[in-house]
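Participant: Those protein sequence lines, which keep their order, are chains Z and S.
Count the first sequence with the working numbering and you get residues 1 to 499, in order.
Count the second sequence with the working numbering and you get residues 1 to 499, in order.
Be aware that one or more of the hints could be misleading.
Copies of one chain are not kept apart here, so a pair can be met inside one copy or by any two copies together.
As the list claims (entries may be wrong) - Below, a list of computed lysine-lysine pairs in the DSS-like style, where the Cα atoms sit at most 30 Å apart:
1) 59 - 443
2) 493 - 357
3) 292 - 497
4) 357 - 157
5) 292 - 271
6) 493 - 443
7) 292 - 493
Calculated directly from the structure, the hints in this document are not laboratory data.
Protein chains: 2
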Amino acid sequence: MFESAEIGHAIDKETYEAQVPALREALLEAQYELKQQARFPVIILINGIEGAGKGDTVKLLNEWMDPRLIEVRTFDQQTDEELARPPAWRYWRQLPAKGRMGILFGNWYSQMLQGRVHGQFKDAVLDQAISGAERLEQMLCDEGALIIKFWFHLSKKQMKARLKALQDDPLHSWRISPLDWQQSQTYDRFVRFGERVLRRTSREYAPWHVIEGVDPHYRSLAVGQILLDAMQAALQAPPQTRHNPHIAPLGESIDHRNVIDSLDLSRRLDKEDYQEQLITEQARLAGLLRDKRMRRHALVAVFEGNDAAGKGGAIRRVAAALDPRQYSIVPIAAPSEDERAQPYLWRFWRHIPARGKFTVFDRSWYGRVLVERVEGFCAPADWLRAYGEINDFEEQLCDAGIVVVKFWLAIDEQTQLERFKEREQISFKRFKITEDDWRNREKWGQYRDAVGDMVDRTSTEIAPWTLVEANDKRWARVKVLRTINEALEAAFKADKKSR
Amino acid sequence: MFESAEIGHAIDKETYEAQVPALREALLEAQYELKQQARFPVIILINGIEGAGKGDTVKLLNEWMDPRLIEVRTFDQQTDEELARPPAWRYWRQLPAKGRMGILFGNWYSQMLQGRVHGQFKDAVLDQAISGAERLEQMLCDEGALIIKFWFHLSKKQMKARLKALQDDPLHSWRISPLDWQQSQTYDRFVRFGERVLRRTSREYAPWHVIEGVDPHYRSLAVGQILLDAMQAALQAPPQTRHNPHIAPLGESIDHRNVIDSLDLSRRLDKEDYQEQLITEQARLAGLLRDKRMRRHALVAVFEGNDAAGKGGAIRRVAAALDPRQYSIVPIAAPSEDERAQPYLWRFWRHIPARGKFTVFDRSWYGRVLVERVEGFCAPADWLRAYGEINDFEEQLCDAGIVVVKFWLAIDEQTQLERFKEREQISFKRFKITEDDWRNREKWGQYRDAVGDMVDRTSTEIAPWTLVEANDKRWARVKVLRTINEALEAAFKADKKSR
C-alpha cells in the first residue's frame with residue numbers, strides 16, 4: 001500500500017512555483033462555489049507517519065485558501081466534557097457544516113491506531129473500531145459529505161532522518177509526538193496496523209490517498225491537486241446524486257512518476273548464472289512443496305504483466321520444477337456463460353486450491369482494475385469498489401493459510417515492440433500476437449496509471465505485489481521463482497512462531 | 001426487534017385458502033420473468049428459532065413455485081473439500097446464477113450464531129464475522145443480487161410447546177437440532193446474539209424480515225408475500241439501477257395486525273391509586289438520580305406518541321420529581337438553519353447528556369422514520385437506512401453507560417378526537433391544536449404502519465421501546481415513571497455484576 005510513497009516523488013522549485021498560483025486560484029474558486037452551493041461539507045482527514053509533513057501541509061492549505069471557510073480540528077487529550085460522553089460525541093460536535101471545510105487532524109483513525117500500536121487491544125477490537133469508522137463515513141457520505149482521506153508516508157529511513165533534523169532544529173525540538181517514534185518497533189507496528197486500517201477503510205465513497213512526505217513541493221502540490229479534483233467533481237455533480245457519492249478521483253501522480261518507472265529494467269542475468277540459479281530455485285521450490293509443512297498451506301501465484309512480458313515462459317519455468325498432480329494453471333480469458341451469470345469474483349473462488357496444492361493464475365481478478373478499467377468494460381463505480389473487494393478476498397485466502405504471491409512483469413515499450421515483431425516472424429509464435437495487442441500499445445499510458453493504482457491499493461502486507469523487471473527474461477524467471485520460495489519459507493517460519 | 005413476532009399473528013384457514021392460488025400464480029410468474037430477464041439472482045436466507053417453521057416454509061416454497069429454478073442449500077457439516085479451503089468458499093460455490101433462486105438454509109449467520117451461543121468466541125469476534133457478512137452482502141448487491149433475509153421467531157413459551165409437540169410426534173422425533181434447544185439458556189442466548197446480528201446487518205440493501213412462526217398459515221402467506229413484493233419490485237426496476245439496490249419493501253403485515261393493536265388501551269388507574277403510585281415513583285426517581293451510582297451513567301428518555309396522547313403531561317410528571325439543574329428537556333420541532341447544514345443525527349448528538357445527567361427528548365430522531373417517512377419529507381432510501389443508523393447511534397450511547405428509554409404513547413382515534421375537540425374549547429389549550437393535527441388524523445393508518453416498523457426495527461435489547469397505553473393519562477404517567485426507574489435500577493445492578 002505504501003510502495004508508491006517510497007519512490008522519492010519530487011517536484012523542483014521552479015515547477016512548483018510555476019504551478020502554485022493557478023492551483024491556489026482554482027482552490028479558492030472551488031471554495032467559494034462550495035460556500036455558494038452550501039449543498040455539502042468537505043471533510044479532510046489527515047493521518048500518517050510522524051514527520052511526514054502533516055502539520056506543514058495543513059498550515060499551507062490555510063494559507064492557500066480562505067481560512068474563514070476552513071475549520072482545523074485537533075483531537076488530542078479529551079476534555080472533561082468529552083470524557084463524560086460517548087467517544088463519538090467529540091467528532092460530531094466538530095463536523096463542518098454544509099458549504100464549509102473541516103480538516104480533522106488526529107481523528108478516529110489516530111485513536112484506534114495508537115491503541116493498537118500501544119497494545120491496549122488486539123486485532124478483533126481494532127476491527128470493531130474500523131467497522132465503526134466505516135459506518136460513520138458511509139452515513140456521512142449518504143448525507144452528502146465529501147470525505148477526502150490523506151495518509152502521509154515516509155519510509156523508515158526517511159522518518160529517522162526527518163526526526164533527527166527536527167530534533168536538532170530549535171524551532172521544532174519542542175514537538176512531542178504521541179507515540180514514541182524514536183523506536184524502530186513503533187514505526188513497524190504503526191505501518192503494519194496502518195496498512196490494515198487503510199486496506200479496510202479505502203472504500204469507493206471515501207478512498208485513502210497515500211502521499212509521500214519527503215519533498216514539500218511534491219506533497220503540497222499532490223494534496224492540493226487531489227483536493228481540487230475531488231471538490232470540482234462534487235461541485236459539478238447533479239444535486240440528487242445521493243446514491244452516486246462523490247468519488248474522489250484516482251489520477252496520475254503529479255510528478256508523473258509511479259512505481260513502474262522506478263524499476264531498473266536493465267537488470268539482467270547472463271546465461272551461466274541463469275542456468276545455475278534457475279536449477280537451484282527450482283529444486284528449492286520442489287522441496288518446499290513436498291515439505292510436510294505445506295499441508296497447512298496452499299499457494300496461489302498471480303501473473304499479470306505487459307503483453308509479451310514473458311508470463312508464459314515464467315510460468316513454464318515454475319511448473320517445470322513440479323509434479324503435475326500438485327499444481328494447476330488457470331488461464332483467465334473472457335468469462336464463460338456460467339461465469340457471467342455470477343458475481344465477478346466467483347470465477348476465481350471456484351479455482352481456489354485445497355490445502356497442500358498450488359494454483360497459478362495466468363491473468364487474474366486484477367483484470368477488473370486493469371483491462372476492464374482501461375477499456376471501459378465496467379463502470380468507474382465498479383472498478384473503484386473492486387480494490388476493497390479484492391483486498392477482502394485475498395485476506396480470506398491468507399486467513400486460511402494460503403500464501404498469495406502476485407507478479408507484475410514489466411517491460412518497456414521498445415522491448416515490447418521488438419518482441420511483437422519477432423513473434424510475427426516466427427510461425428509457431430504468430431498466434432500469440434493479435435490486432436488487440438497492437439491496439440493496447442496505444443493505451444500504454446493508461447495501463448501504466450492503472451498498474452500504479454493497482455499496486456498502491458492492493459499491495460498489502462498479507463499479499464504484496466512483486467514488480468518484476470522483465471526486459472531480460474532470465475532475470476525475470478529467476479526472480480519469480482525466488483520470490484515464491486521466499487514467501488513459502490516465510491509462511492513456514494511464521495507457523496513455527498505461532499505454535 | 002422481535003416484538004411484532006410475539007403478538008400471535010394468525011390467518012384463518014378460509015382466508016388462507018382463498019389467498020394462496022393468486023399468490024402462487026404471481027410467484028410463478030415472477031419466477032419465469034426472473035428466468036427470462038436473467039439479470040440477477042435471488043438469494044433467500046433462512047434463519048431463526050428452532051421449531052419456528054423454517055423447514056416447512058422452504059418445503060412449501062418449493063411446492064408453490066417451480067423447483068427447477070430453485071436451489072435449496074444446506075450447510076451442515078463441512079466436507080473435506082470445504083475444510084481444505086477458506087470458510088467462504090462453500091458459500092461461493094453454492095450461489096445461484098442470474099435468473100435463478102437460491103435458498104440458503106444454515107448460512108453464514110447460523111455459523112456465527114452457533115459459535116457465539118456455544119461460547120467458542122466473544123462479541124469482538126462475532127462483530128468481525130458480522131462485518132464480514134456485511135461486506136459479502138454489500139458486494140453481492142452491488143453485483144445486482146436481490147437478497148431477502150427471513151428470521152423465523154417464536155417466543156420462549158411457544159418454542160417449548162412446539163419442541164414438546166415435535167418430540168411426541170414419531171414423524172419428527174428423529175430431528176436433531178444443532179443447538180441444545182431444550183435448555184432455556186440456549187434460547188435466551190440465541191435470541192440475544194440473534195438480535196445483535198439482526199441489528200447490525202439489517203441494512204437498506206438487505207433488511208431482515210422477522211416472521212412469527214406459530215401459525216403456519218400466517219407465516220407461509222407472510223413469506224410468500226414479501227418474496228413476491230421484493231421480486232416484482234426488482235424485476236420492474238430499470239436495468240442500470242446498480243446504485244439503487246433492490247430494496248425489499250417494508251409493508252403492512254398481511255393479517256393487518258401490528259404491535260400497536262395488541263395494546264389493551266382500556267387500562268386505567270383510579271384517582272387514589274394514581275396519586276399514591278405517582279408520588280412513590282417520583283420519589284424513587286429522585287432517589288435514583290441522586291444515587292452515587294448515577295455518576296457512571298446518564299439517562300436519555302425519548303417521548304414519541306400520537307398527537308394529543310399526553311406526552312407533555314407525562315414529561316411534566318417526570319420533571320416534577322427532579323432538581324432542574326439535573327435534567328434538560330429538548331423539544332424537537334423543525335430543524336434550525338444550523339441543524340439543516342449538518343447530517344441528520346447531528347442535532348441530537350449535540351444534546352447528549354454528560355455522565356450523571358438526564359435529557360428528555362420531546363419527539364426525537366425517530367421523526368425520520370415517522371413524520372418524514374409518512375409525509376414524504378425524505379426519500380425511501382433515506383428513511384430505510386435510518387433504522388440501522390439509529391441502532392448504531394443508540395448502541396454508542398449504551399456503550400458509554402447511557403440508559404436509553406423510549407416511549408410510544410398510544411391512544412385510539414376516538415380518544416384523540418375527543419381531546420382535539422376539548423382543546424378547541426379551552427382557551428389556554430387552543431394553541432396546542434393546529435390544522436396539521438387534523439390533517440395527520442387522515443393518515444392514521446400510515447402512521448400506524450410506520451410505528452410498527454419502527455418498533456420492529458429499533459426495539460433492541462440495549463434500547464427497547466416501551467409502548468404506553470395512554471387513553472388513561474394516569475395509567476400512562478405512572479407507567480412512564482416506573483419504566484424509567486426500572487431501567488435505572490437494572491443498569492445499576494448490571495454495574496455491580498460487571499465489577
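Participant: Give a verdict on every hint.
Facilitator: Structure-based check of all given hints:
1. 59 - 443: neither (39 Å within a copy, 55 Å between copies)
2. 493 - 357: Answer is within; shortest intra-copy Cα gap is 19 Å, inter-copy 55 Å.
3. 292 - 497: within (17 Å within a copy, 49 Å between copies)
4. 357 - 157: Neither: 39 Å inside a chain and 51 Å across chains, both beyond 30 Å.
5. 292 - 271: neither (34 Å within a copy, 83 Å between copies)
6. 493 - 443: Classified as neither; 42 Å inside a copy, 68 Å across copies.
7. 292 - 493: within (13 Å within a copy, 55 Å between copies)
Consistency with the previously given hints fails for numbers 1, 4, 5 and 6, ordered from lowest to highest.
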